[in-house]
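Per mature numbering (1 follows the signal peptide of the UniProt record, and there is no 0), the sequence shown runs over residues -19 to -1, 1 to 98.
Don't take every hint at face value.
[Unchecked claim] In the PhoX-like style, the derived pairs of lysine-lysine whose C-alpha atoms are separated by at most 25 Å in a straight line are:
(1) 91 to 39
(2) 46 to 66
(3) 91 to 61
(4) 82 to 39
(5) 82 to 61
(6) 77 to 61
(7) 39 to 86
(8) 46 to 93
(9) 61 to 46
(10) 91 to 77
Rather than coming from a laboratory, the hints here were simulated on the basis of the structure.
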Amino acid sequence: MRKVLIAALLIISVVVVNAKESDTKTKTNDTENTATMLLSGSIADELSGESLVGVEVKIEGTDLKTYTDFDGNFSFQNVKPGEYKLVANYISYEKKSEVLKVDSKGNDIKIKLQSSN
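With the hints as constraints, model all of the structure from the sequences given.
Listed below in structure tokens is the structure:
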């Protein structure tokens, strides 16, 4: 009886270890297939060229939103490759939309906003 119990425990432990290895390989393959990119850029005034601080930048159709820093720079991390509509909105400036393609060739965008005055 003792030999049967030991054999059963051995078989169960081998099955559990193999299941964990299989699950780990599947997660690794999923991660490799969903590469993400960094999307970054800067926003400035169209006439003066001065960097604009606090501009709301959104990727339309997603929940991704950020604001420009003190140098007018913004960035989105973990963006999947594809085509997106980027929307920049700032007080006293006209809202600007740009369609762009996110890929591995580099995604540094320069946006100029026009004053609404």
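Here's how the hints hold up against the structure:
1. The hinted pair formed by residue 91 and residue 39 meets the criterion: a straight-line CA distance of about 15 Å does not exceed 25 Å.
2. Among the hinted pairs, residue 46 with residue 66 is consistent with the structure: their alpha-carbon atoms are about 12 Å apart, no more than 25 Å.
3. As the CA atoms of residue 91 and residue 61 are separated by approximately 20 Å, the hinted pair is consistent with the 25 Å bound.
4. Between residue 82 and residue 39 the CA atoms are separated by roughly 15 Å; this keeps the pair inside 25 Å, and the hint holds.
5. Of the supplied pair hints, the one linking residue 82 and residue 61 holds, its CA atoms being roughly 10 Å apart against a limit of 25 Å.
6. Taking the CA atoms of residue 77 and residue 61, the gap is near 22 Å; set against the 25 Å cutoff, the hint holds.
7. For a cut-off of 25 Å, the pair hint linking residue 39 to residue 86 stands: about 21 Å separates their Cα positions.
8. Using a Cα cut-off of 25 Å, the hinted pair residue 46 and residue 93 holds, with the two alpha carbons roughly 18 Å apart.
9. As the CA atoms of residue 61 and residue 46 are separated by approximately 15 Å, the hinted pair is consistent with the 25 Å bound.
10. Straight-line distance between C-alpha atoms of residue 91 and residue 77 comes to about 12 Å, which keeps the hinted pair within the 25 Å bound.
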